[in-house]
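Asker: If you want the building blocks of each chain, they are given just below.
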Amino acid sequence: MLSNGNLSPSSLSVKDLLWQVQWDKEKCTLCGRCCAVCPVHAIELGVHRKRFVQVPSLAEIGPSTSSTSVYQVYHGIRQKTDPAYACVGCAMCNLVCPNGAIIPLRSDEVDKLRYHINQGGQPRRRGGRRNAPDTLNLGTLDRIKFIRISMLTDPALDAGRHEFELRTLLGRVLPPEENLKLYRENGWIPPVREIYPLIIGSMSFGALSPTMWEGLQMGVAYLNEELAMPVVMCTGEGGCPPRLLRSRFLKYTILQIASGYFGWDEIIHALPEMKEDPCAVEIKYGQGAKPGDGGLLMWYKVNQLIAAIRGVPTGVSLPSPPTHQTKYSIEESVHKMIQSMYMAWGFRVPVYPKISGTSTALSVLNNLTRNAYAAGLAIDGEDGGTGAAYTVSMDHMGHPIASNIRDCYLNLARLGRQNEVPLFAGGGVGKNGKLAANAAALIMLGASGVQVGKYMMQAAAGCLGSESDRCNICNIGLCPKGITSQDPRLYRRLDPEKVAERVVDIFLSFDTELKKIVAPLGRSTSLPIGMSDALAIDDNNAAERLQIKYVV
Amino acid sequence: MCRLIAVTSDEPQSAMLAMRALDVMREGHDGSGVGLFMSDLSGPFEELKGLPILSGIFTADGVNRLDEYMSNHGFATRYEVSVRARSKTPPPGTPARDAYVIRVYEYPQSWEGLGQEEIELRLMLTRLQLRQMGEAQEDMIVYSLWPDVIMVKEIGDPLMVTEYLQLDREELKARVVFAQGRQNTNYAINLYACHPFFIQGVASMTNGENTAFVPIREYLMSRGFPGYIGYQSDSEVFTHIAHYTLHSLGLGIEAYKHVITPLQDEDLESHPDGGFLKQLKHSCRRLIIDGPNVVMGRLPDNTLFLVQDRKKLRPAVAGGRKGMYAFSSEMCGLDAAIPDRDKSKDFQPMHLDTVIIPSDRSEVRVCSQMETLALLH
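So the protein lines, in turn, are chains A and B.
Mind the numbering: the first sequence is residues 1 to 552 in my numbering, read in order.
Mind the numbering: the second sequence is residues 1 to 377 in my numbering, read in order.
One thing to keep in mind: the hints can contain errors.
Claimed, not checked - Computed cross-link-like contacts, BS3-like style, restricted to lysine-lysine with a CA-CA straight-line distance of at most 30 Å: (1) B/K278 / B/K312; (2) B/K278 / A/K251; (3) A/K516 / B/K312; (4) A/K515 / B/K278; (5) A/K145 / B/K312; (6) A/K515 / A/K549; (7) A/K516 / B/K311; (8) A/K515 / B/K311; (9) B/K278 / B/K311; (10) A/K181 / B/K278; (11) A/K25 / A/K112; (12) A/K515 / B/K312; (13) A/K145 / B/K311; (14) B/K311 / B/K345; (15) A/K27 / A/K15; (16) A/K549 / B/K311; (17) B/K278 / A/K516; (18) A/K549 / A/K498; (19) A/K498 / A/K516; (20) A/K50 / A/K80; (21) B/K278 / A/K275.
The hints are simulated quantities; they were obtained by calculation from the structure and are not laboratory data.
Bound conformation, chain A alone:
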């Protein structure tokens, strides 16, 4: 800073930033790749002037000896400190650097940047995750142990050799008496799908890049058709590509309708041409990452393709309303919406709502149990991810999934409806990499299946997000891996074939791990939904709350 310079309140030094770029002049080849790849232009070519003090020997000092300093220039990297260009820690610079000369490091203290990412009065918005690392204590789901191991009293099963049938039901299952009566009388029985209990949760075409979406769809199709694993994927609110709507692969797809109704014009018009029914229809009322806030696709990502599928102009932000504008009460939502969606496909497709984790989940559930059509309830806990949300919503709004799903299950069990309205849990499943253990814990707490999004992005496409506020720029379409970008220069980085391969890898390894959990518990022929006697946690309060065992 010059002596007559001034400081603005948001003048920050590199030290004030969350991510500080460390650059090694010795290793740098000045190739420029790091600056070119940086999604937020946090670094630029720096021309550095440096003074060398050259002290002449005494013999040389004479009247003609002038300055003892020499100024030289060297080139390198300079990190910007303007909040608009703050490094996001994605470390793409490190990925592309041929010599490993550059890497962003996380600040050793709480950053000052957070007080300044609201320039122009616009609070911070970001994509990604809640950034609650839980690394020391682990999250509740990670701490749940499976303690009822079959030992001498009954033989443990062999995860590798026994036959397993680990499927779940999506759809309204009637009580046995009523179901059998209707079957005998050829009455209408609500449609029920047998699906794999790990569902790829709703990530819209628009939030995800075309290559990512294609990769996921190809992986899902391969799992179904080559490996006989009935894996399904939810579209999220963004419609569905027209060719998929008219293909046989639609049966592996859950179509989501949300408050913006984006893409539904296209879907309705494709109805007469559909070769297959979709797996189900999910009505989104809420999302775990930002409960009470609608979907948001920021203008950066609304290109021609997205605009066409969603039926909107290009280059405008697409905020969905927080609620379905035509519905004013739960009765209306449950009755009108669920029933009208059923009607669209001739009562052949299950329709269920998805809500964000909330203390009012029980009220929703109680209404659903009284509606003969509601095909299930998906609950998305506070750890759910998103393509774009206000930071305050992500960080502070919402309900953890474990106790929410447990309360709902126990309520259903009290009503005797635990087999009738399947519950699906999402939000932070596999957040610390323990996908199968988290899923099994939720299933034994009462979920019929789990929905995952972020885990798929990380494991199938190499998403850089972590629980330490790294990257998180899904919202502005600059995903350096091309996962959530609509810019062909970025999404071409992602090979859909490779994504599909990883999707298959994930499901196969998940399947093995799930068997490694349920087989020692002596379970193989049915998914152990609500098998809470197998669970324990080393926290007395959590054990009491979840009605599982407390162990130390």
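Let chain A serve as the given structure and place chain B on it in line with the hints.
Answerer: The following block gives chain B in isolation, referenced to the frame of chain A:
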């Protein structure tokens, strides 16, 4: 693992027959408890066949409270077998009891004209009421209150308890005898946790641990049927599922296995009743057991059945001759019970089989889950 024996015979048999069979299988049980179920009774009970018989263990106070309760509700004692201990000292492990009650009652006059279903409901509710009273003051343990059914359960070695209680008497013979020798996996033994279990004419006993117990228990308890309570043992649910299959779903015992161990989807696709069975599998999903179990049971008409879990991880064999058949955990038990049989016809059911011995004891019928299901309409 426990050991089980179920005998059905045209000739009335003493409980001793079953106990000897348990005794030869004693490597498989530890003598920590015994359960006995008898039906199709002979002797004095045969003439009183339609009247309910109460079986249980009572303290002296308990007997008084029982008498008071029963007479207040219009039940009159018609006949009683006094079970007397052979000696004052019970066998090792067996507690000294005041009274083992086996008592036949006349129905209350006010029940006259009631339908069969209502009578059956009231009998069950009376038993549950007595059980509840007994649990409060620990003075009554009631096993059954049902026509043509006697049950005794006690802690101790099966053979020694039978001899001690002189259960081998002439007036205590029956054509259907179930007995279970217990392998104790809990230190304190609750007699309500002992097999066989009984509800409205359906009885069953099980070998093995029920890993899906908690969700099944939750489901049964939420059916709104007052008899689906207890569950001191994870095996009690097998009896109740059988009862539910018969009473609530109106299906035959051939369907029981389709409820507890449904076929896998590939098999359902090609099954002649695939559509029906798929509905049954979906709607009864919470009743799927995950083994390892063998279930031996008796239906209200004295039909016997035997099923294995899907993995067939527990031993059982069926065999006998016309007029006398038995299910046994082990071959040696069957040899002890019915030595003079054609052993080549012994049958060890596998994961798809239900073995049924009809009440006329004419044959051992085996039905596979892959076959067409004879549906009740």
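Asker: Take the hints in turn and mark each one as holding or not.
Answerer: Okay, the hints, checked on the actual structure:
For a cut-off of 30 Å, the pair hint linking B/K278 to B/K312 stands: about 22 Å separates their Cα positions. Distance check on the hinted pair: B/K278 and A/K251 sit about 20 Å apart at the alpha-carbon level, within 30 Å; holds. Restraint check: the Cα-Cα separation between A/K516 and B/K312 comes to about 21 Å, which is no more than 30 Å; the hinted pair holds. For the hint pairing A/K515 with B/K278, the CA-to-CA distance comes to about 24 Å; that is within 30 Å, so the pair holds.
Proximity of A/K145 to B/K312 is assessed by CA-CA distance (about 29 Å); at most 30 Å being required, the pair is judged to hold. Under the criterion of a C-alpha separation no larger than 30 Å, the hint pairing A/K515 with A/K549 is consistent with the structure, at around 22 Å. For the hint pairing A/K516 with B/K311, the CA-to-CA distance comes to about 17 Å; that is within 30 Å, so the pair holds. In summary, the hint linking A/K515 to B/K311 is supported, as the alpha carbons are separated by about 16 Å, within the 30 Å threshold.
Under the criterion of a C-alpha separation no larger than 30 Å, the hint pairing B/K278 with B/K311 is consistent with the structure, at around 20 Å. Between the alpha carbons of A/K181 and B/K278 the distance comes to roughly 14 Å, so the proposed pair stays at or under 30 Å and holds. For the proposed pair A/K25 and A/K112, the alpha carbon gap of about 27 Å is at most 30 Å, so the pair holds. About 19 Å separates the Cα atoms of A/K515 and B/K312, which keeps this hinted pair within 30 Å; it holds.
Between the alpha carbons of A/K145 and B/K311 the distance comes to roughly 26 Å, so the proposed pair stays at or under 30 Å and holds. Only pairs whose Cα atoms come within 30 Å are accepted, and B/K311 paired with B/K345 is accepted, the gap being roughly 23 Å. Annotation: proposed proximity of A/K27 to A/K15 holds, straight-line Cα distance about 23 Å (limit 30 Å). Of the pairs offered as hints, the one joining A/K549 and B/K311 holds, with about 29 Å between alpha carbons and a cut-off of 30 Å not exceeded.
Distance hint between B/K278 and A/K516 is fulfilled; the C-alpha atoms sit about 27 Å from each other, no more than 30 Å. Of the pairs offered as hints, the one joining A/K549 and A/K498 is violated, with about 42 Å between alpha carbons and a cut-off of 30 Å exceeded. At roughly 27 Å between alpha-carbon atoms, A/K498 and A/K516 fall within 30 Å of each other, so this suggested pair holds. Proposed proximity of A/K50 and A/K80 is supported: the alpha carbons are some 19 Å apart, at most 30 Å.
Distance restraint check for B/K278 and A/K275: the Cα-Cα separation of roughly 24 Å lies within the 30 Å cut-off, and the hinted pair is therefore satisfied.
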